Amino acid sequence: MVALSVAIILGFLLIYILIGIYSGRVSKATMEDYILAGRGFGNFVAFFAVSATWISVVFYLGGPGWFYQHGYGFAFVPAYCFIFAMGWLIFGKRMCEMAHDKGYLTQGDLVEDYHGSRAARYSVLIVGLICLIPYIQTQFLSLGYIASAATLGALSQEMGAFLGFVVVVFYIWMGGMRATAWTNVLQGILMFIGLAIIAGLWLGYYYEGSVAAMFEQAATDYPAHLTLPGGADAISASMWSSYIFVFGLGAVFWPHLVMRSFAVKSPRFFNKYPLWIFGLYIIIVPAIIIIGLGGRMVMEVEAVDRILPELLVATIPLPLAALLLCGAVAGSMSTVDGQNHAIASMLTHDFIRKTRVLTEERSILITRILVVVVAGIGLLMGFFFPAALYDLAALSSGLALVIAPSVMGALVLWKRATAVGAIASLWVGLLVVVITEWIWVYPLAVHSGVWGFVFTGLTYIIISLVTTPPEREPGGSVIKSQ
Amino acid sequence: MSVLGIKRIQYAIIILIVHLLLHPPFIMWASRIEPMIAGIPFSFFYIWIVYIVLWIILFFICGAMERLADKEDSEV
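Taken in order, these protein sequences are the chains called A and B. Start counting the first sequence at 1; every next residue gets the next number (the working numbering). Start counting the second sequence at 1001; every next residue gets the next number (the working numbering).
For reference, chain B alone in the conformation it holds in the complex (with noise of 0.2 Å):
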């Protein structure tokens, strides 16, 4: 767990969560034709949401990241 980090183990849980809206269940529910927005299926919307939420989640791990390697090496 040290070397992983706990920080890291909790962003995951996180990330897996959202991560599960792109499994078949939720891609089902979202994949019918109707109603389509602007002629664009629901579905192809729901893919990209969930898309951007997930890298707006790791912009703040990536942050996150930085500013433990940053801590790190002003330890060093």
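The shape of chain A in the complex, shown without the other chains (with noise of 0.2 Å):
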């Protein structure tokens, strides 16, 4: 049985190495391609390489350990996905339009050519970079328990954490974006299913394939959890609106969601996307409560995040269990991988391209390098400080929020956004979250994300207003002085 659940984890690795073969083979040696994929997404693939870059390991595993350990206040997950879509609508249709016109490959391309500021793009640069390794952290240890787990210890945690590495790290040498959204599909197929089919397996196994007589024992056993504030470690009203708007605003600017956008091949395709994305939330949000209330009644687990392979073990065979925690490896893969991708994708093209001349095969081949380099940091950043799951997407996601006011005012090309205003706006906004983060910890409870984004959108406003503003071309990019 457990060699049998070996293979199973190893043989979805492998066709994950296949893709990146593939990809690679179909790449061309330019830096558009490795980054964007030739900006050549289509609808099926974009679906896909957005979602399940955004629903992580994080959802996979800290949406049933959360509601687990908080009962209803989970219920602030629908809302946030709601704003996630709307923003995608709004500003990710736009990014992707003006990434089009303009030839932009990252997010400091954009700010950079709106606000005509080299010093901005740098500032973008070392925002987003700590916005996203510590997030990297989580999902290879993440990766490693869950192999470990659905093979008994068989594979151990650190082995398989590293057998994660290597694969993710061979895919994206190999194939760079598009490798990253081809195993995003797969990914994204074997998790959403995943889900679906674990909360219908384990209702059948304990409360023969009834959601109404689990929440009855859930009525007489943890009441707590069936109402606000929910069970242990009650959320705060202000901190679950806190989470809406850090979860579901600060994604959309994501720097590898943002680059993201930027692949896609018809700006259309955000027309589509809020539909899709909330209809498939209609559907594995209540798996996820049933798997979290549920495990709440039938066993204790020492870390929340560890409720769901630790039931899937407990309840099914070995095999099957293995199967679909595949599922939960893919979450763990489909988020690290764009997250390599794009802040080695931004070192290469916003840093080292800016300061020497490269030729394109050069810039790829330094791009690659920095892939294992910065998935090495995270790996071994893993190992030394782990953390719960939902707590650093929600710093990571507010960190995000830092970056989007300069983002915002290229999008709605603000004629008075100036460059010192976008840099201002970023350094003050990273101090903000630090010091609401660490010090002065989530004042009147709210998250630090949101401080964050206040200020940083105050301080671009008040200093874009006081400043001169550049002048600009019709389309809105600064002219440069010659």
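These are calculated hints, taken from the structure and not from any lab test. Keep in mind it's a predicted model, so treat the numbers as computed, not measured. Treat the hints loosely; a few may be bogus.
[To be verified] Computed from the model, here is a short list of chain B residues facing chain A with C-beta under 7 Å:
hint : residue
1    : Leu1022
2    : His1023
3    : Ser1031
4    : Ile1033
5    : Pro1035
6    : Gly1039
7    : Leu1054
8    : Trp1055
9    : Leu1058
10   : Cys1062
11   : Met1065
12   : Glu1066
13   : Ala1069
Idealized CB from N, CA, C, for every residue including glycine.
Mind docking these for me? Both chains are given alone in their own frames, and the hints should help you get the complex.
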């Protein structure tokens, strides 16, 4: 049984490697192709490239874990999905249109072009790196844990994390953005179908398929989980609304998701996407609630993020559990690949290529080497600084909100926007997030990301209004002085 | 305004109002164990009723965006 489980996990990893090899064969040796897959994502690939990247292991493991711990406090999730869907329709579409018109490869291109400042690009790069690197640390470790749980320890957590690292690095090295998107299709299908099947199986096993029977037991045993503010460590009302804002709007401005918006072939994709992603959530959120609440009633776990794998391993045959847990492995990989690829691409394009002249081939090679370095740092950080999934995801989204105002200014073609305003807003926002995350923790029970966004936005507007705006071309780009 | 389109702003206001029904005061009102409908808490249904209403609004918004895109394409 254990050998079969190991084979299933390794089999899926092999498929990702094969996808990487194939995508490498059809790729062209240009940075645009490596970073944005030649801007050729059709609707089907784009949907999974965005959704599977956004919905990571944080959702797959952290979601049931959150409901297990907090009960109905988890109900903020549908609301933030809605904010993301609308944000993607309004801002994602505009980002795609501008990137197509002006040839942007990264968020830094957009901010520099509109504000006319290389320093603004570097500031976006620094905030982007701080936003993404901590998030990576949780992903490999979670991957290792899932592989270990699905094989009853035959694969150790360290070995699982290392295998994930090797596979992710391999397929990004080979195919860049194209490989991450194509693997995201398989990963997304595994994740979304897997969650629904797990919920169904579990209900069948414990409650003969009856949702009502499960809730009736919950009403007797854990009534606090069915009312607000919820179970243990209840979430406050202001934190609830903070999470909606931070997770929903912050994700729209995550550097790796912005790059995916640049890679979409037709802006018309964004007209349809909200409908699809929201429809998907209608199916998978109840599944998460069923798994989390059901798990609460049948077992105690040390780390709440582990309720799903422990429940599976305890209730169904191991190989089937391993197959379903491949969805969780996929959740981990589908996010960490996009983040890794984005960080390496930003470092090459926004910094190295701005300081020296490089050929396209050389630029791709440097990006590939950076993929290995960044993934290695993420892997090591995961071992030395483990953290709760949802907390780190919220911090990462909050930091993305610091980038949001200067990007929004460019998207709405705000004529008064200035480089000084953009740069000042980014550094003020970063400082405010640091203070409200670690020093004066969550003032008024409002998340640091919200405080960061408020101060970033105000700084951007005020400083821009009191400084002289640059001369612009009709399309909004700053006219460069000779 | 001309960039984002006035229609989208109008839609945003409508969906924002419905979206507010997913914030704490309303969930708190809905998240009582009693009454339970056929053994399932009312709050469970409540969230998905709001959810489906939002989805229906999205359906019309996405349709409107497509018609707008068709119009822009034909003008080009």
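Right, here's what the structure says about each hint:
1. Leu1022: Leucine 1022 (chain B) check passes; min Cβ-Cβ to chain A is 4 Å, inside 7 Å.
2. His1023: holds, 6 Å
3. Ser1031: holds, 5 Å
4. Ile1033: holds, 5 Å
5. Pro1035: Proline 1035 (chain B) check fails; min Cβ-Cβ to chain A is 11 Å, beyond 7 Å.
6. Gly1039: holds, 3 Å
7. Leu1054: holds, 6 Å
8. Trp1055: Where the cut-off is 7 Å and the nearest Cβ of chain A is about 5 Å from tryptophan 1055 (chain B), the hint holds.
9. Leu1058: holds, 5 Å
10. Cys1062: holds, 5 Å
11. Met1065: Holds: closest Cβ of chain A sits about 4 Å from methionine 1065 (chain B), inside 7 Å.
12. Glu1066: Given a least distance of 5 Å, the restraint on glutamate 1066 (chain B) holds.
13. Ala1069: Holds, because the Cβ-Cβ distance from alanine 1069 (chain B) to chain A comes to roughly 5 Å (cut-off 7 Å).
Consistency with the previously given hints fails for number 5 only.
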